[in-house]
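For the record, the sequence lines run as chains E and G. Going left to right, the first sequence walks through residues 1 to 408 as this note's numbering numbers them. Going left to right, the second sequence walks through residues 1 to 260 as this note's numbering numbers them.
Think of the hints as simulated: they come from the structure by calculation, not from any bench. No residue lacks a Cβ here, since even glycine has one placed at the ideal position from N, Cα and C. Please note that a few of the clues may not be correct.
As the list claims (entries may be wrong) - Some, not all, of what chain G presents toward chain E, calculated at C-beta under 7 Å:
id, residue
1, T11
2, R12
3, I59
4, V79
5, Y93
6, I122
7, P130
8, T156
9, Y197
10, D206
Stated by the list, open to error - Listed below are the simulated DSSO-like cross-link pairs for lysine-lysine, each with C-alpha atoms no more than 30 Å apart in a straight line:
id, chain 1, residue 1, chain 2, residue 2
11, G, K142, E, K361
12, G, K142, G, K162
13, G, K227, E, K27
14, E, K2, G, K16
15, G, K162, G, K145
16, G, K145, E, K102
17, E, K2, G, K227
Chain by chain, the residues run as shown.
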Amino acid sequence: MKKGYYGQWGGAFIPEVLQATFESLNKAYAAARNDPSFWQEYVALMGNYSCRPTPLTYAENLSRHLGGAKIYIKREDLNHTGAHKANNVMGQGLLVRRMGKKRVIAETGAGQHGVATATMAARFGFQCTIYMGEEDVARQRPNVFWMEKLGATVVPVTDGSRTLKDAMNEAFRDWVTSMDETHYVIGTVCGPHPFPEMVAWFQSIIGQEAREQIVQQHGRLPDRVYACVGGGSNAMGIFQGFLDAPDVDLIGVEAGGMGIDTGQHAARMVPGCGASAGVAQGYKTMFLQDPEGQMLDTHSIAAGLDYVGVSPILAHFGEQGRVRFESATDAEVIAALSLAMRTEGLIPAMESAHAFVQAIKEAPAMSPDQALIINMSGRGDKDIFTIAHAFDDPSWKEFIVKRAEAYR
Amino acid sequence: MTRELEQVLRTRRVDKPILLMTHLVVGYPSLEVNRAVIRQMAAHGVDCIELQIPFSEPIADGPVILRASQESLRHGTRVEDCFRFGQEMAREYPDICFLFMTYYNIVFKYGEQNFLHRTRDIGFLGTIIPDLPPEEGQEYLKTSKKLGLAPILFFTPTSSDKRMREVAGQGQGFMYCVARRGVTGGQTAFDSSLDQYLERCRRATDLPLAVGFGISSREDVALLTGKADMAVIGTATIRLVDQEGAEATGPFVAGLLASR
């Protein structure tokens with residue numbers, strides 16, 4: 001198979017001006033991958049800076065409440081900056097240092113990857129510019145605040161739908177000018193080769209840990225593993241721990257938005273979602289696009305899942321039947337979030353709550369000696385503005401109004 | 001009768017010290033204005049025109065062409081409209097070499113074979129797809145060759161000599177030499193490093209050299225004369241049409257070529 005391809009998906013559809021940059025990135029990545037001390041350095045950094053290994057929590061109350069399989073939760077929310085995004089950015093940070101570059105750029109939707117990249121840049125002493133759709137800048141002010149306080153420049157993108165894909169296009173435009181001293185820290189397992197493979201490698205730390213932990217706690221491998229899928233990095237992270245075990249079902253949960261049949265969603269892999277094969281943003285995958293290839297607007301309550309494409313690696317696993325895809329609607333996500341909070345005292349990010357939805361649907365029909373893992377890719381409490389808004393909480397609104405008045 | 005792009009350009013270069021290629025985004029600001037602009041360009045000696053089929057994610061383009069593409073799509077421009085318009089123009093102006101410029105997804109969704117056959121059938125001479133490097137475009141290159149279409153490939157200042165030779169070996173028609181890093185529409189410094197770069201381009205291929213990205217004045221074109229075969233004006237004409245209307249493009253083009 002051609003390098004950088006997963007079945008028919010992937011590739012590196014890059015303008016000629018980036019050819020040399022990708023050549024040197026491929027070299028640096030291959031050298032790091034062949035050097036065991038690089039991975040050791042990475043694991044040590046994540047242990048010292050980001051609470052790794054993250055626990056695998058047995059959700060006893062939720063399991064009892066649903067009356068089926070034993071539910072275990074992989075706690076990526078306990079990473080520094082509150083999500084699995086830290087794994088990828090710190091790994092790429094080490095690589096950037098090896099390449100001797102001094103500046104990093106990144107795209108961000110909800111701002112999680114932007115905050116994680118800004119944090120990494122502060123830690124490594126890199127200059128940092130974050131591209132973020134104007135609409136997202138308006139929706140996610142707290143994350144913009146943190147990025148700026150961490151020393152990053154946040155550039156609002158005013159083109160296209162003014163969301164994640166447009167931020168990605170703009171980051172590419174920066175990169176074709178600045179590639180000598182700049183590395184583009186792509187936030188997920190998408191984009192041109194080697195990004196899908198490289199980001200999946202950094203995220204594989206989730207699956208490695210989870211496999212060891214579930215065997216320790218449950219005595220054997222789980223029956224099913226659930227993860228939400230936007231670009232797909234947290235899903236690829238945990239799935240890699242179980243790919244070689246065909247009896248472990250891997251379930252990717254996409255953003256069903258207002259419902260698949262409304263067209264207001266961000267699902268690319270479930271039946272009826274309307275996605276089709278395409279080539280954009282440097283790679284080939286399933287995109288939400290019109291028949292002529294123009295990308296469509298997507299919708300999800302969770303900005304981190306609100307994206308037109310999906311990892312080429314996951315598109316391949318989906319096509320092969322190795323990963324089963326499901327979707328969760330915005331309303332189901334809010335209900336699952338409430339249940340997780342009340343039964344376990346856990347506050348999953350709205351992205352992660354998509355994985356909870358499907359596990360909650362399936363667990364009751366499973367037997368108590370079976371086990372499932374939910375990848376809780378991020379924590380929700382830092383998104384209080386978004387979640388309080390989604391809950392339409394009256395006392396929160398009153399607080400905001402009063403606070404706004406005090407600022408007048 | 002098939003006309004092959006490289007041959008046409010070589011023949012024209014016999015009488016002209018430098019050729020000129022201009023660029024339009026189909027449907028921006030409208031097909032009517034596109035027609036008027038092309039009429040002006042044809043009357044003032046433009047040799048090649050690249051018609052850009054708008055795509056929603058144009059990563060190699062700067063803000064001017066990006067917005068033009070979005071506007072055109074917002075008006076509802078379809079790929080079919082671009083083919084029809086292209087056919088009309090190719091018929092009306094047989095002396096101009098027309099090429100389609102677009103991104104690979106448009107070609108991919110139309111079907112690579114169908115897209116290229118139709119491009120040839122409407123009288124176009126080639127295609128420019130900036131996000132399709134030769135590594136990914138083997139079928140596209142093969143089909144183009146078979147149809148006598150020129151798949152235009154790129155040299156950039158970051159290309160090594162070895163890379164230039166590899167790429168040029170797979171291109172047809174002419175090599176598009178990107179004058180600087182970055183996206184379309186920015187400034188290019190016309191200095192000795194550009195001369196050295198163009199010398200490297202010249203050594204890497206026998207194909208005609210077209211130079212684009214940041215060319216906007218008579219001085220720019222004059223400086224390229226003798227070093228390249230064709231100057232490419234992209235963003236500058238879109239800006240001009242925005243500011244002064246279609247009628248301004250004829251005098252502008254004539255001015256660019258005043259030194260030739």
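Outcome of the hint check:
no., hint, verdict
1, T11, "violated (28 Å)"
2, R12, "violated (26 Å)"
3, I59, "holds (5 Å)"
4, V79, "holds (5 Å)"
5, Y93, "violated (26 Å)"
6, I122, "violated (17 Å)"
7, P130, "holds (5 Å)"
8, T156, "holds (4 Å)"
9, Y197, "violated (12 Å)"
10, D206, "violated (19 Å)"
11, K142(G) / K361(E), "violated (51 Å)"
12, K142(G) / K162(G), "holds (22 Å)"
13, K227(G) / K27(E), "violated (35 Å)"
14, K2(E) / K16(G), "violated (45 Å)"
15, K162(G) / K145(G), "holds (23 Å)"
16, K145(G) / K102(E), "violated (43 Å)"
17, K2(E) / K227(G), "violated (38 Å)"
Violated hints for the displayed structure, listed by number in ascending order: 1, 2, 5, 6, 9, 10, 11, 13, 14, 16 and 17.
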